[in-house]
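Chemist: Next come the chains, spelled out residue by residue.
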Amino acid sequence: MPTKIEKDSYTGTDTTGHEWDGIKELNTPIPSWWVWVFVASIIFSIVYVILYPAIPLTDSATQGVLGWSQRDTLATELAVRDEGRADITASISEADAAIVEQDHTLRTFALRGGAAAFAENCAPCHGAGGGGRPGYPVLADDDWIWGGTLSAIQETIRVGIRSGHDDERYAEMPAFADMLPQGERIAIAHFVAGLTGKGDPAKAAAGAVPYQDNCASCHGEDGTAVEDTGAPSLNDAIWIYGSDTGSILKQISNPQHGVMPAWEGRLDPVTIKMLAIYVHNLGGGLQEDAGL
Amino acid sequence: MTAQLETGLDEDHHLKYFEKRKKPYPRAVQGTFRRIKWAMLIITLTIYYTAPWLRWDRGDHLPDQAILIDMGARKAYFFFIDIWPQDIYLLTGLLVFAALALFFVTSLIGRVWCAYACPQTIWTDLFMLIERRIEGDGPRRRKRDEGPLSVDKILRKFAKHSVWLLIAISTGGAWIFYFADAPTTLPAIVMGEASSGTYVTIGMFTTTTYLLGGWAREQVCTYMCPWPRFQAAMLDEDTLTVSYEDWRGEPRTRHAKRALAAGDPVGDCVDCNLCVEVCPTGIDIRDGIQLECINCGLCVDACNGVMQKLDRPNYLIRHDTDRNRGLLRDGIARTWKILRPRTVIYALLLFITGCLLLAGLITRAPVALDILADRAPLYVTLSDGAIRNGYTLKVMNKAHDAKRFSLEVSGLYNGKVSGLIEINADPDKVTTIHTHVIAAPVGPPAQQFIMRLIDLDSGKIVEEPAVFRRPAK
Numbered sequence: 001m002p003t004k005i006e007k008d009s010y011t012g013t014d015t016t017g018h019e020w021d022g023i024k025e026l027n028t029p030i031p032s033w034w035v036w037v038f039v040a041s042i043i044f045s046i047v048y049v050i051l052y053p054a055i056p057l058t059d060s061a062t063q064g065v066l067g068w069s070q071r072d073t074l075a076t077e078l079a080v081r082d083e084g085r086a087d088i089t090a091s092i093s094e095a096d097a098a099i100v101e102q103d104h105t106l107r108t109f110a111l112r113g114g115a116a117a118f119a120e121n122c123a124p125c126h127g128a129g130g131g132g133r134p135g136y137p138v139l140a141d142d143d144w145i146w147g148g149t150l151s152a153i154q155e156t157i158r159v160g161i162r163s164g165h166d167d168e169r170y171a172e173m174p175a176f177a178d179m180l181p182q183g184e185r186i187a188i189a190h191f192v193a194g195l196t197g198k199g200d201p202a203k204a205a206a207g208a209v210p211y212q213d214n215c216a217s218c219h220g221e222d223g224t225a226v227e228d229t230g231a232p233s234l235n236d237a238i239w240i241y242g243s244d245t246g247s248i249l250k251q252i253s254n255p256q257h258g259v260m261p262a263w264e265g266r267l268d269p270v271t272i273k274m275l276a277i278y279v280h281n282l283g284g285g286l287q288e289d290a291g292l
Numbered sequence: 001m002t003a004q005l006e007t008g009l010d011e012d013h014h015l016k017y018f019e020k021r022k023k024p025y026p027r028a029v030q031g032t033f034r035r036i037k038w039a040m041l042i043i044t045l046t047i048y049y050t051a052p053w054l055r056w057d058r059g060d061h062l063p064d065q066a067i068l069i070d071m072g073a074r075k076a077y078f079f080f081i082d083i084w085p086q087d088i089y090l091l092t093g094l095l096v097f098a099a100l101a102l103f104f105v106t107s108l109i110g111r112v113w114c115a116y117a118c119p120q121t122i123w124t125d126l127f128m129l130i131e132r133r134i135e136g137d138g139p140r141r142r143k144r145d146e147g148p149l150s151v152d153k154i155l156r157k158f159a160k161h162s163v164w165l166l167i168a169i170s171t172g173g174a175w176i177f178y179f180a181d182a183p184t185t186l187p188a189i190v191m192g193e194a195s196s197g198t199y200v201t202i203g204m205f206t207t208t209t210y211l212l213g214g215w216a217r218e219q220v221c222t223y224m225c226p227w228p229r230f231q232a233a234m235l236d237e238d239t240l241t242v243s244y245e246d247w248r249g250e251p252r253t254r255h256a257k258r259a260l261a262a263g264d265p266v267g268d269c270v271d272c273n274l275c276v277e278v279c280p281t282g283i284d285i286r287d288g289i290q291l292e293c294i295n296c297g298l299c300v301d302a303c304n305g306v307m308q309k310l311d312r313p314n315y316l317i318r319h320d321t322d323r324n325r326g327l328l329r330d331g332i333a334r335t336w337k338i339l340r341p342r343t344v345i346y347a348l349l350l351f352i353t354g355c356l357l358l359a360g361l362i363t364r365a366p367v368a369l370d371i372l373a374d375r376a377p378l379y380v381t382l383s384d385g386a387i388r389n390g391y392t393l394k395v396m397n398k399a400h401d402a403k404r405f406s407l408e409v410s411g412l413y414n415g416k417v418s419g420l421i422e423i424n425a426d427p428d429k430v431t432t433i434h435t436h437v438i439a440a441p442v443g444p445p446a447q448q449f450i451m452r453l454i455d456l457d458s459g460k461i462v463e464e465p466a467v468f469r470r471p472a473k
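Chains L and A, in that order, give the protein sequences.
Residue numbers for the first sequence follow my numbering, beginning at 1 and rising by one.
Residue numbers for the second sequence follow my numbering, beginning at 1 and rising by one.
Heads up, a few of these hints could be off.
[Claimed, not checked] Calculated pairs, DMTMM-like style, for lysine to aspartate or glutamate (alpha carbon to alpha carbon, straight line, at most 25 Å):
#1 A:Lys20 <-> L:Asp14
#2 A:Lys337 <-> A:Asp236
#3 A:Lys473 <-> L:Asp142
[Said to hold, decoys possible] If you only want the chain L side, here are some residues facing chain A, beta carbon under 10 Å, derived:
#4 Gly130
#5 Gly131
#6 Gly132
#7 Val138
#8 Ala140
#9 Asp141
#10 Asp143
#11 Thr196
#12 Thr229
#13 Ser233
#14 Ala237
#15 Asn281
#16 Leu282
#17 Gly284
None of these hints come from the bench; they were simulated from the model.
Note that beta-carbon positions come from the ideal geometry of N, C-alpha and C, so glycine has one too.
Use the sequences and the hints to build the structure in full.
Modeler: Rendered as structure tokens:
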């Protein structure tokens, strides 16, 4: 309770009248510059509320007389961005992927666009930078089951693998568990491992003949895959499902088959083209004349 | 009443929390130190306004402005020196050197920086010159300021502030030229075609020049600048400072004849107060060394003029040391001690910093290589079992001509660069390329090796360490 307002003799200022254990409080006025800034802030906030979206209502908010919206601003910015890119996207759309890859500007654009699309659509299985994951092939190496040229990669992305697309890349290895006795399958496994210097040579000898009878038609006599069969080479260092004898035996008996969706219809042709160029440039892309 | 104000109490003997500025109206003065100040004003302002217009040929692709800080390209040019962001230590070195030079000079001859070279002093002097031309000398100006409002007063004030603003704008405008090509920027600024950033910068410098030079003046030195606060650490009793020779001046009197007749001792100081009236910071030098004193020496000039008229020796106020004034009080001649621990240490530090700076400048590499290893994937196994790593190389070519390089690796078993034949590095640019290195699968999971950039024309080699990664066995 304010009791006695008195003038402080030392400062010449009135007290507030409050007193606590003999301590009195001076009623020093707020500096005028502060008051004016405070008043200006209030005026500013009123103007702001009138001009801009401000007060939240149950399912919307006041819109403000300027009609400004963050969403519209973003939409405009995106439209401006797309408009700025229109000619370069048109060039990529019209030109052959090989031509896009040779042109410095188009190539730079395609690599950036491809990298963004890859991170969004491909990296979950094939890994960032095409580094692969267990069961999913590495795209940065020099081994390609369905072809490593620019056009082959573009086609694979378009139609997918075992995807159900009309032009799908399709290959299926029979499950030999029902077709060959276990001893023979083990021998073949050791023989296949022996193609890259692994496995037990003693057991591998018995696998040579069954391999030639059952496997060589697709995987090649020396393990170099026959073109266009969709079969992987068995004499290199790259194994999707593992290179030890046990993994090979499992794959002979009941093979796993990976599936890649067809991206035609999901991604526009320009994005597919940019993706193909990006993957082709991850480090293992082959030139057209080099073949598979 | 004056005495009360100085003890920090107001008329009713209440403690004052705020001391209102006692605005100085300095009187004009002629003499040696005033001439030095005019000369320094002309020299420093000439440098400030003309330096950006000097040209320096750097070839076709580079700016030909002798002094230029190119913010967009993140480069600075100073005649024959190009400074890249990587060379920022040179700027650090330069600032350390400048600070030490300031300490050294201050310990020897006091606040000469404040007196003659500080932009605050220069611009305040320039603004005061204008003020004096339009509103007259100090006392007249004070009289008009304290007098009633009149047409004459308004017109003079208007004229003064217009000229001040004009100077302020040209100061801000000239600042821009250190950051943009001067001959093309000036027309752009005048035509209103320059960037908004340019106008904001000019606006900022115009405002600060006008406020600091026209209104704040000595308050900047007394309250805003940290230098007067710690410069005392550089001073000792052998440092030259502007000081009043009290042993000769005291006891001061305005009535020398009467005092002499009465048989009282009389000093040389006639208490004419001219030293106070000419002081740009409004202090009385006879009170001894003070925080506000910028050591400009205008009081020396004022006092010498009076002493000459009275046929007494000059330099009742002069640059002298604390020690000497003490000696003279006791009737002993002056001694000068220049070699003191602090001057020697400052000089030594200055020399070392200068040498380091020079060495850094001379040994700057014209070509540098930065290597960033790919992180995804860290490594790729190729079909023949070899391991491949990817690297982004940033080749910095600080030279003014294009260079061609080949790339080699060493320290890797069966290591080779894959698919890269030649690197073409543009002049004065960073060229970024991506390349692969292939090596045998045997070896530690992370192996250090050397990438070697070989200049195909000069044969010069730049080496940089990198790390090769393999799957852990």
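Chemist: To test your reading of the hints: which numbers does this structure violate?
Modeler: As far as the earlier hints go, only 12 is violated by this structure.
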